[in-house]
Amino acid sequence: SQQGEEDPQALSIQEGENATMNCSYKTSINNLQWYRQNSGRGLVHLILIRSNEREKHSGRLRVTLDTSKKSSSLLITASRAADTASYFCATDALDSNYQLIWGAGTKLIIKP
Amino acid sequence: DTAVSQTPKYLVTQMGNDKSIKCEQNLGHDTMYWYKQDSKKFLKIMFSYNNKELIINETVPNRFSPKSPDKAHLNLHINSLELGDSAVYFCASSQVAGKTQYFGPGTRLLVL
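Sequence order for the protein chains is A and B.
Under this note's numbering, the residues of the first sequence are numbered -13 to 98, in order.
Under this note's numbering, the residues of the second sequence are numbered 252 to 363, in order.
Simulated from the structure, these hints should not be mistaken for lab results.
Some hints could be false.
What the hints assert, rightly or not - EDC-like mimics (lysine to aspartate or glutamate), calculated; alpha carbons at most 20 Å apart, straight line:
1) B:K287 x A:E41
2) B:K295 x A:E(-9)
3) A:K93 x B:D289
4) A:K55 x A:E(-9)
5) B:K291 x A:D81
6) B:K350 x A:E41
7) B:K350 x B:D269
8) B:K350 x A:D81
9) A:K97 x A:D69
10) B:K292 x A:E41
11) A:K12 x A:E(-9)
12) B:K295 x A:E1
13) B:K291 x A:E39
14) B:K295 x A:E41
15) B:K287 x A:D78
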């Protein structure tokens, strides 16, 4: 199955800085979702953005969606050590029989 | 209370053995999934069940078989385990297919 692509694969920043991760996908979608995975844990849903939405906020998270470029970005502002995790995007593609298509993830490290 | 639970958390076994992983969700969701996450963190959908009906079955060897005794449970049976089956297996559920998924903590399978 197709996979989304995320970049960068890894990102290391200082605590307090902003972190931006990008996700690109290949087909038209119903929605795009971002998840976080802490080391050794299951994935946790962060935010869902529908195809007719361009931006969404949740606390320190800001997600944008550009359907013309088939891309999304996740911005974490004022990063904290606890934000250290892998971040995955997943798309609910129109022709996927509601199967979520997952990116490979961005590993984010916040240095204290 | 844990929303999605899996047992066991760790499973170490010999090649050729048969094993099962159990999953239960107490969210009242209609759809449950099994994923395999390899060492590179790629998430691969294996199966999903909607109201006890299999709706997705990716190109997974028939040594893997999902069993759903009721809407709240989706167990994974694996026959004749192979070295390449070593991975982390995640169970997840969603209210409807394509929407937010809730993940279990994962089962770390090591085949020796």
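Hint check results:
1. Simply put, K287 (chain B) and E41 (chain A) have alpha-carbon atoms about 31 Å apart, too far for the 20 Å limit, and the pair is violated.
2. Between K295 (chain B) and E(-9) (chain A) the alpha-carbon distance is near 14 Å, which keeps this suggested pair within the 20 Å criterion.
3. Annotation: proposed proximity of K93 (chain A) to D289 (chain B) holds, straight-line Cα distance about 15 Å (limit 20 Å).
4. A hinted pair counts as satisfied when its Cα atoms are at most 20 Å apart, and K55 (chain A) with E(-9) (chain A) qualifies at roughly 13 Å.
5. With a C-alpha separation of about 27 Å, the suggested pairing of K291 (chain B) with D81 (chain A) is violated against the 20 Å cut-off.
6. The suggested pairing of K350 (chain B) with E41 (chain A) holds, with an alpha-carbon distance near 18 Å, which does not exceed 20 Å.
7. Under the criterion of a C-alpha separation no larger than 20 Å, the hint pairing K350 (chain B) with D269 (chain B) is inconsistent with the structure, at around 33 Å.
8. About 15 Å separates the Cα atoms of K350 (chain B) and D81 (chain A), which keeps this hinted pair within 20 Å; it holds.
9. Proposed proximity of K97 (chain A) and D69 (chain A) is supported: the alpha carbons are some 10 Å apart, at most 20 Å.
10. Restraint check for K292 (chain B) and E41 (chain A): not satisfied, since their Cα atoms lie roughly 27 Å apart, outside the 20 Å limit.
11. Between the alpha carbons of K12 (chain A) and E(-9) (chain A) the distance comes to roughly 9 Å, so the proposed pair stays at or under 20 Å and holds.
12. Taking the CA atoms of K295 (chain B) and E1 (chain A), the gap is about 32 Å. The hint is violated against a cut of 20 Å.
13. Among the hinted pairs, K291 (chain B) with E39 (chain A) is inconsistent with the structure: their alpha-carbon atoms are about 31 Å apart, more than 20 Å.
14. About 28 Å separates the Cα atoms of K295 (chain B) and E41 (chain A), which puts this hinted pair outside 20 Å; it is violated.
15. Simply put, K287 (chain B) and D78 (chain A) have alpha-carbon atoms about 18 Å apart, close enough for the 20 Å limit, and the pair holds.
In summary, the structure is inconsistent with hints 1, 5, 7, 10, 12, 13, 14 from the numbered list given earlier, while agreeing with the others.
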